[in-house]
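Asks: Fit chain B to the supplied structure of chain A, relying on the hints for placement.
These protein sequences, in sequence, are chains A and B. Residues 1 to 409 in full-length UniProt numbering are what the first sequence spells out, letter by letter. Residues 1 to 409 in full-length UniProt numbering are what the second sequence spells out, letter by letter.
Treat the hints as calculated values from the structure; they're not laboratory data. Among these hints, one or two may not hold up.
No distinction is drawn between identical chains; accordingly, a pair holds when it is met within one copy or between any pair of copies.
To be verified - In silico lysine to aspartate or glutamate, DMTMM-like type, Cα no more than 20 Å apart, as pairs:
no. : residue 1 : residue 2
1   : 55        : 17
2   : 165       : 29
3   : 371       : 291
4   : 55        : 24
5   : 45        : 56
6   : 371       : 334
The structure presented is a predicted model; accordingly, all values stated were derived computationally and were not measured.
Protein chains: 2
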Amino acid sequence: MGLIVQKFGGTSVGSVERILNVAERVIEEKERGNDVVVVVSAMGKTTDKLVSLAKDISSNPNKREMDMLLTTGEQITISLLTMALLQKGHDAISFTGWQAGIQTESIHGNARILNIDSTRIKSELDNGRIVVVAGFQGITEDDAISTLGRGGSDTTAVAIAATLKADKCDIYTDVTGVYTTDPRYVKDARKLLAVSYDEMLELANLGAGVLHPRAVEFAKNYSVPLEVRSSMEREVGTMIEEEVRMEQNLVVRGVAFEDDITRVSVLGLPNSLTSLSTIFTTLASNHINVDIIIQSSTNENTTNLSFSIKSDDLNETIKVLGDNKSKLNYIGIESESGLAKVSIVGSGMISNPGVAAEMFEVLAGNDIQVKMVSTSEIKVSTVVEEGNMIRAVEALHQAFHLAGTPVKA
Amino acid sequence: MGLIVQKFGGTSVGSVERILNVAERVIEEKERGNDVVVVVSAMGKTTDKLVSLAKDISSNPNKREMDMLLTTGEQITISLLTMALLQKGHDAISFTGWQAGIQTESIHGNARILNIDSTRIKSELDNGRIVVVAGFQGITEDDAISTLGRGGSDTTAVAIAATLKADKCDIYTDVTGVYTTDPRYVKDARKLLAVSYDEMLELANLGAGVLHPRAVEFAKNYSVPLEVRSSMEREVGTMIEEEVRMEQNLVVRGVAFEDDITRVSVLGLPNSLTSLSTIFTTLASNHINVDIIIQSSTNENTTNLSFSIKSDDLNETIKVLGDNKSKLNYIGIESESGLAKVSIVGSGMISNPGVAAEMFEVLAGNDIQVKMVSTSEIKVSTVVEEGNMIRAVEALHQAFHLAGTPVKA
Chain A
1 MGLIVQKFGG TSVGSVERIL NVAERVIEEK ERGNDVVVVV SAMGKTTDKL VSLAKDISSN
61 PNKREMDMLL TTGEQITISL LTMALLQKGH DAISFTGWQA GIQTESIHGN ARILNIDSTR
121 IKSELDNGRI VVVAGFQGIT EDDAISTLGR GGSDTTAVAI AATLKADKCD IYTDVTGVYT
181 TDPRYVKDAR KLLAVSYDEM LELANLGAGV LHPRAVEFAK NYSVPLEVRS SMEREVGTMI
241 EEEVRMEQNL VVRGVAFEDD ITRVSVLGLP NSLTSLSTIF TTLASNHINV DIIIQSSTNE
301 NTTNLSFSIK SDDLNETIKV LGDNKSKLNY IGIESESGLA KVSIVGSGMI SNPGVAAEMF
361 EVLAGNDIQV KMVSTSEIKV STVVEEGNMI RAVEALHQAF HLAGTPVKA
Chain B
1 MGLIVQKFGG TSVGSVERIL NVAERVIEEK ERGNDVVVVV SAMGKTTDKL VSLAKDISSN
61 PNKREMDMLL TTGEQITISL LTMALLQKGH DAISFTGWQA GIQTESIHGN ARILNIDSTR
121 IKSELDNGRI VVVAGFQGIT EDDAISTLGR GGSDTTAVAI AATLKADKCD IYTDVTGVYT
181 TDPRYVKDAR KLLAVSYDEM LELANLGAGV LHPRAVEFAK NYSVPLEVRS SMEREVGTMI
241 EEEVRMEQNL VVRGVAFEDD ITRVSVLGLP NSLTSLSTIF TTLASNHINV DIIIQSSTNE
301 NTTNLSFSIK SDDLNETIKV LGDNKSKLNY IGIESESGLA KVSIVGSGMI SNPGVAAEMF
361 EVLAGNDIQV KMVSTSEIKV STVVEEGNMI RAVEALHQAF HLAGTPVKA
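Isolated chain A, as found in the complex (with noise of 0.2 Å):
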């Protein structure tokens, strides 16, 4: 007899029958006895239908009115699966994010949790029911409605995970779980059955945004066990949880990769100490994310800046760098496109110096070519050719013995 937080993602609830599985899916999991809480997200594409119709209101719609808009879409969706229940015979009872007690910020359109009132869902759990409960919602302390921005529903599950101390949290989605890097793309990929919290973040571009960094982030801090898993495959997933629970028998645990990485250079930057913080912070506020950045004093007086960014973005950047020349003082530009970037992840590696090295040889005797290289304790990252990207991941795979290998850590 447990606690167990469910969360159900827009392509699980997408249509009727996909809410009528859904539902037996819970009920699977309240008749093996346990307490369930149930958090879903707005069915399919209705929040794509709901800004398309803002968009042609009003060029800029007004972010409360906005959060007021897109969370009818998780309230339909609590509502027809909970008539779904109750329908196959299970008492249910259905909760906008206010009425769930999910206080955020006074902010709209990317509010973070304060605090959860859990007042009336223990007391609807104590009366036996299955609670359903609207992801990506809450409500600000003027009362008015907010949502947490991408990945909501991932952390209203996780949050309320967390305040109700459940003894597990499952991330139901369109994939089987977290795999060794993307089966889409190497045939002997493999699923993980369990990975840290940080090397989940860290892999979090594997599976397509499987699951959101910031809930990801959120049980971590409250020590959430977690379990990626598929809505419609009955098969085990994969379990996120605390390292110390975890064997250290497999170095890398994964490996993620990324194209369409273009290199940008700014050349013969001042040495000084704003040149750094005037570059980014001219770049974000042109919306222009950056990756993996790298410095390298070539004198005392003048410095090279690399970074990487989407290939998309590079027009824009090399326009938002132009217009600031006369502010920022350098030299030249210098870009290179046609990149990707390639990473290893595993929390092992925070006590085994050789991995980045490893990883080196590995791609040097594949003739690939590195670029940039970025390091964190549980992640090496490789900038290279976009043509040698699923080349380098293959050999990778295989070099940490991530083909065939046990999976459980």
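Replies: Coordinates of chain B only, in the frame set by chain A:
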């Protein structure tokens, strides 16, 4: 400088273009120097679509969850209209039913408003904002979302107008006002500039449900002046207000009519105290609406009872009466379809006993046989053959000087 409550129905907000049009109408009122509260319904067919989704999930959807589902419709409209007002440079804010403080009974699907805590609305009006409120919805004592049933948005508007002591409540709809009879059938039908609340109640089926009876009753009880007017045309509509404010120069204000009527007669009912209540309780519990009821005792022990129903309900009525024959203990059933109801309405007839006689004389003069008669203080209804309906309406419309007369009472 006054306070105006405006209500726009589903057709008036049925598309992005129409919402932008509504925004213009709201701004016109605001620019006249008035404070404005706007109440809106769900867009066009939204509610029907949501009901159909629910029916796909459950044959008998839970009522609380149905309210949770349906109220998303108005929430979408309030956010879009508010975005439109903001886009056009006017400060505005949207409120759901619960945010607007609309407290209802703790029942679902057809709750009555118990109280409106108008603190938030007043405070935003004081801030100079246009306040946009979701019609049809409220909140129960235990924080569940409730709905007000059919005509709910009209009721919301009138209740808010009553609470705020608004100068006027404008009901914008797809007709330009209340007519002496249906202009689609009678060419010289005239728009009435004013009718009393009671007349409006009796004329309810003129202009195809232009205003819900419950809202009219509410307006009457709280003396809220209403105006029914067009959301598309800019002409003056029909004022609905206290009788005392109007002159009495027209005895009959309008001619209402309705086809597809069937008369059912139950013959030889025992003349007991409970016969009538038993028969109509039985019909009501089977959702059969009965309109005119006529009873005539033929002897001391038995009575004959006739009532009118919509012809669509005939089969069900006969089945229900048949199933309960032993309980009801009648001798036989007789029915006549192909009938229509024609009524004259006007508060002037209270003090004018000859009006019914004049009506019968007009019908007789046109060779129209009267099958049933029912009278109230301000209405005389007759049931005639369907083929005579329009002729009856035209003759009465002319005889009571409705065509071509001044329409202001």
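Asks: Now tell me if each hint is right for this structure.
Replies: Status of the hints after comparison with the structure:
1. 55 - 17: For residue 55 and residue 17, the Cα distance is within 20 Å only across copies (13 Å; inside one copy 30 Å).
2. 165 - 29: within (17 Å within a copy, 53 Å between copies)
3. 371 - 291: Classified as within: same-chain Cα gap 14 Å, cross-chain 85 Å, threshold 20 Å.
4. 55 - 24: Classified as between; 18 Å across copies, 37 Å inside a copy.
5. 45 - 56: both (17 Å within a copy, 19 Å between copies)
6. 371 - 334: within (14 Å within a copy, 94 Å between copies)
When the structure is compared with the earlier hints, no violation turns up for any of them.
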